[in-house]
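Here are the chains, one letter per residue:
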Amino acid sequence: MRLLLVEDDRLLADGLARQLEKAGFSVDITSMVREAVVLGEQEDYRAVVLDLGLPDGSGLEVLKKWRANQINLPVLILTARGDWQDKVNGLKAGADDYLAKPFQTEELIARLNAIVRRSEGRVHSVVKAGRFELDENRQSLKLADGTEHTLTGTEFRLLRCLMSRPRHVFSKEQLMEQLYNLNDSPSENVIEAYIRRLRKLVGPDTIATRRGQGYLFNDTV
Amino acid sequence: MTLFKKPVSVKGTLLVLLLPAGIGLMVLAWLVHGLLLDRMAREFVESRLKDEVAFLEHQIRESGGRIDTLQTGDYFQEVFHHSFAIQSPFRTLISPESWTPLLMPLLESGPDGATQVDRRGSADSPSSILAYRASFRIGDTPIVVIVSEDLGALKRSQAELHAWTAIVSILLIVLLVAVIWLGITLSMRPVVTLKAALKRLQDGEISRIAVQAPEEFQPLVQQLNQLLDSLDQRLERSRDALANLSHSVKTPIAATRQILEDTSRPLDAPLRHEMAARLGDIDKQLEAEMRRSRFAGPQVGKSAYPVKQARDLLWMLGRLYPEKSFELSSELMEERRWPLEEHDLNEVLGNLLDNAGKWSEKTVELSLLEEDGRMIMRVEDDGPGVHSESVPSLGVRGLRLDEQTPGHGLGLAIVREITERYGGTLTFDTGARGGLRALIDIPWT
Numbered sequence: 001m002r003l004l005l006v007e008d009d010r011l012l013a014d015g016l017a018r019q020l021e022k023a024g025f026s027v028d029i030t031s032m033v034r035e036a037v038v039l040g041e042q043e044d045y046r047a048v049v050l051d052l053g054l055p056d057g058s059g060l061e062v063l064k065k066w067r068a069n070q071i072n073l074p075v076l077i078l079t080a081r082g083d084w085q086d087k088v089n090g091l092k093a094g095a096d097d098y099l100a101k102p103f104q105t106e107e108l109i110a111r112l113n114a115i116v117r118r119s120e121g122r123v124h125s126v127v128k129a130g131r132f133e134l135d136e137n138r139q140s141l142k143l144a145d146g147t148e149h150t151l152t153g154t155e156f157r158l159l160r161c162l163m164s165r166p167r168h169v170f171s172k173e174q175l176m177e178q179l180y181n182l183n184d185s186p187s188e189n190v191i192e193a194y195i196r197r198l199r200k201l202v203g204p205d206t207i208a209t210r211r212g213q214g215y216l217f218n219d220t221v
Numbered sequence: 001m002t003l004f005k006k007p008v009s010v011k012g013t014l015l016v017l018l019l020p021a022g023i024g025l026m027v028l029a030w031l032v033h034g035l036l037l038d039r040m041a042r043e044f045v046e047s048r049l050k051d052e053v054a055f056l057e058h059q060i061r062e063s064g065g066r067i068d069t070l071q072t073g074d075y076f077q078e079v080f081h082h083s084f085a086i087q088s089p090f091r092t093l094i095s096p097e098s099w100t101p102l103l104m105p106l107l108e109s110g111p112d113g114a115t116q117v118d119r120r121g122s123a124d125s126p127s128s129i130l131a132y133r134a135s136f137r138i139g140d141t142p143i144v145v146i147v148s149e150d151l152g153a154l155k156r157s158q159a160e161l162h163a164w165t166a167i168v169s170i171l172l173i174v175l176l177v178a179v180i181w182l183g184i185t186l187s188m189r190p191v192v193t194l195k196a197a198l199k200r201l202q203d204g205e206i207s208r209i210a211v212q213a214p215e216e217f218q219p220l221v222q223q224l225n226q227l228l229d230s231l232d233q234r235l236e237r238s239r240d241a242l243a244n245l246s247h248s249v250k251t252p253i254a255a256t257r258q259i260l261e262d263t264s265r266p267l268d269a270p271l272r273h274e275m276a277a278r279l280g281d282i283d284k285q286l287e288a289e290m291r292r293s294r295f296a297g298p299q300v301g302k303s304a305y306p307v308k309q310a311r312d313l314l315w316m317l318g319r320l321y322p323e324k325s326f327e328l329s330s331e332l333m334e335e336r337r338w339p340l341e342e343h344d345l346n347e348v349l350g351n352l353l354d355n356a357g358k359w360s361e362k363t364v365e366l367s368l369l370e371e372d373g374r375m376i377m378r379v380e381d382d383g384p385g386v387h388s389e390s391v392p393s394l395g396v397r398g399l400r401l402d403e404q405t406p407g408h409g410l411g412l413a414i415v416r417e418i419t420e421r422y423g424g425t426l427t428f429d430t431g432a433r434g435g436l437r438a439l440i441d442i443p444w445t
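Residue numbers (our numbering), protein chains in the order written: chain A, 1 to 221; chain B, 1 to 445.
Incorrect hints may appear among the rest.
Mimicking DSS-like on lysine-lysine, the simulated pairs with C-alpha atoms at most 27 Å apart in a straight line are [what the hints assert, rightly or not]: (1) A:Lys172 <-> B:Lys308; (2) B:Lys11 <-> A:Lys142; (3) A:Lys128 <-> A:Lys64; (4) A:Lys101 <-> B:Lys358; (5) A:Lys128 <-> B:Lys195; (6) B:Lys308 <-> B:Lys362; (7) B:Lys358 <-> A:Lys92; (8) A:Lys101 <-> B:Lys324; (9) A:Lys92 <-> A:Lys65; (10) B:Lys11 <-> A:Lys200; (11) B:Lys308 <-> A:Lys92; (12) A:Lys128 <-> A:Lys22; (13) A:Lys128 <-> A:Lys101; (14) B:Lys284 <-> A:Lys101; (15) A:Lys142 <-> B:Lys302; (16) A:Lys200 <-> B:Lys308; (17) B:Lys324 <-> A:Lys172; (18) B:Lys302 <-> B:Lys11.
Hints in this document: simulated from the structure, not taken from any laboratory.
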């Protein structure tokens, strides 16, 4: 299994490469942003371990370039900064997992195997309806102007349900099946609250209400 | 404010604004006074002249149109103080004689009523007069009567009055300036004391501003003192943190270095393990202190978007735990702001959600709500929960890291500290599905 390790601390990179090779990976090491971008595009890796603080730039740039060029290999980010916002930014840029330094090699290998497994058989699956694109892997909504919105679990499932059959009326009961919550008897108000929130994202007319019947996704708006 | 580009001082601005306005208004009042004075005097004179003409006419009618029989001379002058002219076909009477060139043309022809006559006259006749002319007939005799007054004299006395008004106005302006100056100086006095207090603060003579500031400056003083308080607190905290850190970090470093320097000692497995454990300790301490020192606490001018931040965090945890569902339940608008520092809110929500994510079976739910001016965040999972006897020790500060329940470790302690910094509370209980439910309740400040 070929793996790209982007890390500028030579001691850490060498040590890590030895351990990863013991675990069955064949490792290429680079410490430069430019080289990493090219390697990721030309070679066929199964996974990438990406350090964020590189001498000639940020690892996030590498990641964004890859994702912009439809290179969807699983990426695990390594960084010394363990801030929540950093994690959010890393995942928004397209990372699959995140590990703060220092870490135990066993944990890194376990996480790497997990993201590799998850990415297996993963296809670029997108639900398109009208001006909107729903990315199933990233659980996010892309608007026509390229902005991406993160969705929570239920928001995503509701939207996927509605967008899978545009202009088809879904009853509240049908939509309720998409709902996971800890309340034993979810009320219809919950669905209404979710619809209100989704309308804020896609616009008020895109999700239309059919009084007494339910909701439909209008892809012609 | 295009007239003055940048006011140098409040005092200057007030003076620049009030002085011209005061002077302008005074000048206007003076001009209006002049106009009114002019008009009133003229009307008064006119009505008197008219009365006198009527009296003369009456006299002439009494005497049957014979002017000769009129008691002229001193009598009229005494009664009227005015000059007059009477003309009948037989006789023309003008008093005093020197006014003849002025009154003669008017006697011969002219409109009835008040007229102003101007002429460069001789030394003993005035150059400008106001005359009232009346023509009537007694039997068949046409008679013209004119009574007139020297306008020059009137104008002179008017001008004198007007000049006095000007002098009084100027005096009033000077008084006004003095009053304005006094007012500004008096009302600016607290600022001066404030300035002095700030100077003393800068020099380190005082540590807080204790000035009886006027109402308008009270919030300013309060904010300044609050800022100073939080600066002091921060300094104290970072000193404490650094002291703790160096204490707990230097010893393991010394031990590890000792082992590495000793070339004769073989690095066997137990020793490697020991060294790794020491490094692990350093990392834990570093992490704990860093996260403690990162949070800000309540701060002026800081606010966060709870729904937006919660959505991002839920999404991120959903990516990290793809088999679990992270849900948001909130009626708050996306644009709603809470007066919490953004990083602090992230730390609170992130730690609670991450913790719940670790323990949950399938679902984690975050509720954000506002209740009577309180911000409430509730995180509930469907995991195994925590035994009721160990709930009180969750996230309690002072417990050493290694003594804290695994998985509910540092993160919850940080959450508790941040919550308390905002004057809120963190409580735990058992949720509807038996999982742990964390409740944060922060009063709106």
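Kindly indicate which numbered hints from before are broken by the structure, ordering the numbers from low to high. 2, 5, 10, 12, 13, 15 and 18
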